[in-house]
Amino acid sequence: AQKVTQAQTEISVVEKEDVTLDCVYETRDTTYYLFWYKQPPSGELVFLIRRNSFDEQNEISGRYSWNFQKSTSSFNFTITASQVVDSAVYFCALSEAKRGGADGLTFGKGTHLIIQP
Amino acid sequence: NAGVTQTPKFRVLKTGQSMTLLCAQDMNHEYMYWYRQDPGMGLRLIHYSVGEGTTAKGEVPDGYNVSRLKKQNFLLGLESAAPSQTSVYFCASSPYLAGEQFFGPGTRLTVL
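Top to bottom, those sequences are chains A and B. Under the working numbering, the first residue of the first sequence is numbered 1, with each subsequent residue one higher. Under the working numbering, the first residue of the second sequence is numbered 1, with each subsequent residue one higher.
Below, computed lysine-lysine pairings styled on BS3-like, alpha-carbon distance capped at 27 Å:
no. : chain 1 : residue 1 : chain 2 : residue 2
1   : B       : 9         : A       : 109
2   : B       : 9         : B       : 70
3   : A       : 16        : A       : 109
4   : B       : 14        : B       : 57
5   : A       : 3         : A       : 109
6   : B       : 71        : B       : 9
7   : A       : 38        : A       : 3
8   : B       : 57        : A       : 3
9   : A       : 109       : A       : 38
10  : B       : 57        : A       : 109
11  : B       : 57        : B       : 71
12  : B       : 9         : B       : 57
13  : A       : 38        : B       : 57
14  : B       : 9         : A       : 38
Simulated coverage check for chain A against chain B, where a stretch passes if three residues somewhere in it have a Cβ under 8 Å from a Cβ of chain B:
no. : region
15  : 41-51
16  : 105-111
These are computed hints drawn from the structure, not numbers from a lab. Remember, predicted model here, so these are calculated numbers, not experimental data. For every residue, glycine included, the Cβ atom is placed at its ideal position computed from N, Cα and C.
Produce the complete structure using the sequences and hints provided.
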């Protein structure tokens with residue numbers, strides 16, 4: 001069965017520091033999709049990225065970057081020059097497309113990121 | 001374009017009461033999902049639907065029922081609420097298999 005592990009329960013950094021959130025996944029499928037979502041204090045879930053298992057290229061979007069490494073089953077998320085507005089809970093999630101993906105996302109337990117001014 | 005909406009936003013029930021949570025999406029998505037979020041647990045899938053008239057069980061389906069009579073609506077029912085069902089419930093929809101899921105704002109349910 002699939003599983004997503006976010007070992008960092010809470011991370012606290014000072015504004016402008018870089019911070020990396022770890023995500024390790026388990027799946028027996030060769031085709032799968034990985035996601036990151038942000039949940040700010042207001043509670044909504046905000047989509048950040050979707051990556052399929054055949055695309056190991058790193059992705060950069062502004063201050064955000066993602067490092068996907070199949071060899072270590074990891075999909076880590078880095079925020080460069082963090083800002084107070086980045087404070088949120090971040091979830092990594094997995095979808096196994098082999099079963100159609102219709103069985104939803106398997107989420108990690110989340111990492112609570114606190115950016116101190 | 002409202003996206004995904006959930007009704008109600010908050011609800012307090014007594015043990016044994018029943019209720020229905022409504023999820024509506026205006027994006028013509030085929031796939032819809034219900035999750036629950038508990039402290040320190042992430043989100044867990046309750047039920048999902050791959051199209052109008054179809055539903056299937058997720059990871060934690062016990063105590064819940066669902067219906068998808070119309071493509072745009074996905075209802076989650078609690079027939080006899082229990083304190084263990086105190087949670088925040090999120091609905092989501094997606095346009096295709098394993099695609100990005102668009103989430104509603106959530107419903108905070110307390111069962112006393």
